[in-house]
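> Position one of the sequence shown corresponds to residue 5 (the numbering used here), numbered consecutively onward.
None of these hints come from the bench; they were simulated from the model.
Errors might be hidden in some of the hints.
[To be verified] Pairs of lysine-lysine residues, derived as DSSO-like cross-links and limited to a Cα-Cα distance of at most 27 angstroms, are as follows:
| id | residue 1 | residue 2 |
| --- | --- | --- |
| 1 | 81 | 96 |
| 2 | 45 | 93 |
| 3 | 93 | 49 |
| 4 | 45 | 30 |
| 5 | 81 | 93 |
| 6 | 81 | 36 |
| 7 | 96 | 49 |
| 8 | 49 | 36 |
| 9 | 81 | 45 |
| 10 | 30 | 49 |
| 11 | 29 | 49 |
[Unchecked claim] Label-pair ranges, simulated between beta-carbon atoms:
| id | residue 1 | residue 2 | range |
| --- | --- | --- | --- |
| 12 | 84 | 43 | 19 to 27 angstroms |
| 13 | 47 | 22 | 14 to 22 angstroms |
| 14 | 12 | 95 | 37 to 45 angstroms |
| 15 | 95 | 34 | 27 to 35 angstroms |
| 16 | 26 | 97 | 37 to 45 angstroms |
| 17 | 86 | 33 | 18 to 26 angstroms |
| 18 | 97 | 30 | 19 to 27 angstroms |
| 19 | 48 | 80 | 23 to 31 angstroms |
| 20 | 95 | 26 | 35 to 43 angstroms |
| 21 | 93 | 13 | 29 to 37 angstroms |
| 22 | 23 | 97 | 18 to 26 angstroms |
| 23 | 87 | 14 | 14 to 22 angstroms |
Just so it is clear, the structure is predicted and the values come from calculations on it, not from any experiment.
C-beta atoms are modelled at their ideal positions from N, C-alpha and C, and glycine is treated no differently.
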Amino acid sequence: MSAGLDLSAECLDRSHRLDRPQPDKKQQIIAKFVSFNLRQKPFSKRKALAAHTVGDHLILTRSVVSQTFISECLTPKNQHLLYVARQLKQRKSL
5 MSAGLDLSAE CLDRSHRLDR PQPDKKQQII AKFVSFNLRQ KPFSKRKALA AHTVGDHLIL
65 TRSVVSQTFI SECLTPKNQH LLYVARQLKQ RKSL
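Model the full assembly from the supplied sequences, consistent with the hints where possible.
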C-alpha cells in the first residue's frame, strides 16, 4: 500500500462488529492486534490514510478509507484523561 500500512490477517488476534446492524448506520468494528507495535501502525498512518493515499488495494479502496475512523478503545476514565490532556495541549498548558 502506498500509505505505508502493511497489515495482514496474522496481525490481528481477534476482531468483531459492535452492536446490531441498522439500516441508517455503519457497523463499528473493534480489533485487537497481536502486539503493541502492530497496533501502533494504523495510528501512525491515520493522516496518510485519511488523505486517500491508498494505492491499488483490494479491500482498502478510497471509498472505504474515506468512511473509516481509527480511534482508541479506552475505558471511560482513560477516555476522560485523554480528553483533558488534549484540552491542555490545545491551550499549550501541557
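> Against this structure, judge whether each hint is valid.
For each hint, the structure was consulted:
no., hint, verdict
1, 81 - 96, "holds (23 angstroms)"
2, 45 - 93, "holds (23 angstroms)"
3, 93 - 49, "holds (21 angstroms)"
4, 45 - 30, "holds (24 angstroms)"
5, 81 - 93, "holds (18 angstroms)"
6, 81 - 36, "holds (20 angstroms)"
7, 96 - 49, "holds (25 angstroms)"
8, 49 - 36, "holds (17 angstroms)"
9, 81 - 45, "holds (25 angstroms)"
10, 30 - 49, "holds (22 angstroms)"
11, 29 - 49, "holds (25 angstroms)"
12, 84 - 43: 19 to 27 angstroms, "holds (22 angstroms)"
13, 47 - 22: 14 to 22 angstroms, "holds (19 angstroms)"
14, 12 - 95: 37 to 45 angstroms, "holds (41 angstroms)"
15, 95 - 34: 27 to 35 angstroms, "holds (32 angstroms)"
16, 26 - 97: 37 to 45 angstroms, "holds (40 angstroms)"
17, 86 - 33: 18 to 26 angstroms, "holds (21 angstroms)"
18, 97 - 30: 19 to 27 angstroms, "violated (36 angstroms)"
19, 48 - 80: 23 to 31 angstroms, "holds (25 angstroms)"
20, 95 - 26: 35 to 43 angstroms, "holds (38 angstroms)"
21, 93 - 13: 29 to 37 angstroms, "holds (35 angstroms)"
22, 23 - 97: 18 to 26 angstroms, "violated (37 angstroms)"
23, 87 - 14: 14 to 22 angstroms, "violated (34 angstroms)"
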